[in-house]
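These protein sequence lines are chains L and E, in that order.
First residue of the first sequence: 1, per this note's numbering; consecutive thereafter.
First residue of the second sequence: 1001, per this note's numbering; consecutive thereafter.
Since the hints were made in silico from the structure, they are not lab data.
Just so you know, these numbers come straight off a predicted model, no measurement behind them.
Any given hint could turn out to be false.
[Unchecked claim] Cβ-Cβ distance ranges computed for the label pairs, FRET-style:
#: 1; chain 1: E; residue 1: SER1027; chain 2: L; residue 2: GLY16; range: 24 to 32 angstroms
#: 2; chain 1: L; residue 1: THR94; chain 2: E; residue 2: LYS1083; range: 27 to 35 angstroms
#: 3; chain 1: E; residue 1: GLY1104; chain 2: L; residue 2: ARG54; range: 15 to 23 angstroms
[Unchecked claim] With the C-beta cut set under 8 angstroms, the calculated list includes, among others, these residues of chain L facing chain E:
#: 4; residue: LEU43
#: 5; residue: LEU48
#: 6; residue: GLY104
[Unchecked claim] Derived lysine-lysine pairs resembling DSBU-like cross-links, with alpha carbons at most 35 angstroms apart:
#: 7; chain 1: E; residue 1: LYS1044; chain 2: E; residue 2: LYS1078
#: 8; chain 1: E; residue 1: LYS1044; chain 2: E; residue 2: LYS1083
#: 9; chain 1: E; residue 1: LYS1011; chain 2: E; residue 2: LYS1044
#: 10; chain 1: L; residue 1: LYS70; chain 2: E; residue 2: LYS1071
#: 11; chain 1: L; residue 1: LYS70; chain 2: E; residue 2: LYS1011
#: 12; chain 1: E; residue 1: LYS1044; chain 2: L; residue 2: LYS56
#: 13; chain 1: L; residue 1: LYS69; chain 2: E; residue 2: LYS1078
#: 14; chain 1: E; residue 1: LYS1078; chain 2: E; residue 2: LYS1011
#: 15; chain 1: E; residue 1: LYS1062; chain 2: E; residue 2: LYS1044
#: 16; chain 1: E; residue 1: LYS1011; chain 2: L; residue 2: LYS69
#: 17; chain 1: L; residue 1: LYS70; chain 2: L; residue 2: LYS26
#: 18; chain 1: E; residue 1: LYS1062; chain 2: L; residue 2: LYS26
Backbone N, C-alpha and C define an ideal beta-carbon position, used for all residues, glycine too.
The chain contents come next:
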Amino acid sequence: SQQGEEDPQALSIQEGENATMNCSYKTSINNLQWYRQNSGRGLVHLILIRSNEREKHSGRLRVTLDTSKKSSSLLITASRAADTASYFCATDQTGANNLFFGTGTRLTVIP
Amino acid sequence: EAGVAQSPRYKIIEKRQSVAFWCNPISGHATLYWYQQILGQGPKLLIQFQNNGVVDDSQLPKDRFSAERLKGVDSTLKIQPAKLEDSAVYLCASSTLGWEENTGELFFGEGSRLTVL
Chain L
1 SQQGEEDPQA LSIQEGENAT MNCSYKTSIN NLQWYRQNSG RGLVHLILIR SNEREKHSGR
61 LRVTLDTSKK SSSLLITASR AADTASYFCA TDQTGANNLF FGTGTRLTVI P
Chain E
1001 EAGVAQSPRY KIIEKRQSVA FWCNPISGHA TLYWYQQILG QGPKLLIQFQ NNGVVDDSQL
1061 PKDRFSAERL KGVDSTLKIQ PAKLEDSAVY LCASSTLGWE ENTGELFFGE GSRLTVL
């Protein structure tokens, strides 16, 4: 079964605004990853945060991880129309050796 | 560096027919995954290979699905006979890390979209 649950399911914002997506999971993890999927395409890796890390940055992306609450957030700053896509969190569950994907957040950035 | 190649991109079949999908991972990647993604959902793991051995196929419907990775490189996923609920995108991914290591970044292909009528 899928490990992560993203919130919200869909998000619509104006270009230039910030977008925040949340992910909750149920079991202990080695790391948590975020992926982007443009319509009709494969998934592209965005960022990986390990279980002993609390925050990580990559360009306009900021990811936080709270293992006590079993949750993570992805912040995209200064959004662009090209950021329109579905975003998935994926957890590397302890002992599982593969990734479990959430249900995704569909982000629409309006020019 | 070439990415993960998948074919065909699209396939339409009648129920009870068979279909096969092919994947060529990134050169040198030891681990290969097949995921099923139903419209509006996240990818669900079907099978994981480490070189040419199966690491995890616990979620593969073995009565109709089969997969192999000959010589530890290319892989094929077969469905026979197909059901309506098999309509989905079949994604292949590869990784440099071995199954015994924590899962790192996965590199995905563009997927094969299957429609079963």
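For each hint, the structure was consulted:
1. E:SER1027 - L:GLY16: 24 to 32 angstroms: With a Cβ separation near 40 angstroms, E:SER1027 and L:GLY16 fall outside 24 to 32 angstroms, so the hint is violated.
2. L:THR94 - E:LYS1083: 27 to 35 angstroms: holds (34 angstroms)
3. E:GLY1104 - L:ARG54: 15 to 23 angstroms: The hint (15 to 23 angstroms, Cβ to Cβ) holds, given that E:GLY1104 and L:ARG54 are roughly 20 angstroms apart.
4. LEU43: holds (4 angstroms)
5. LEU48: holds (6 angstroms)
6. GLY104: holds (5 angstroms)
7. E:LYS1044 - E:LYS1078: Holds, at about 16 angstroms.
8. E:LYS1044 - E:LYS1083: holds (17 angstroms)
9. E:LYS1011 - E:LYS1044: Given pair E:LYS1011, E:LYS1044 holds - Cα atoms ~20 angstroms apart, limit 35 angstroms.
10. L:LYS70 - E:LYS1071: Not satisfied, since the Cα-Cα distance of roughly 40 angstroms exceeds 35 angstroms.
11. L:LYS70 - E:LYS1011: The given pair, whose Cα atoms are some 39 angstroms apart, is violated under the 35 angstroms limit.
12. E:LYS1044 - L:LYS56: With a Cα-Cα distance of about 26 angstroms, the restraint between E:LYS1044 and L:LYS56 holds, given a limit of 35 angstroms.
13. L:LYS69 - E:LYS1078: Violated, at roughly 40 angstroms.
14. E:LYS1078 - E:LYS1011: holds (13 angstroms)
15. E:LYS1062 - E:LYS1044: holds (15 angstroms)
16. E:LYS1011 - L:LYS69: violated (42 angstroms)
17. L:LYS70 - L:LYS26: holds (7 angstroms)
18. E:LYS1062 - L:LYS26: holds (27 angstroms)
Of the numbered hints given earlier, the model fails hints 1, 10, 11, 13 and 16; all others are met.
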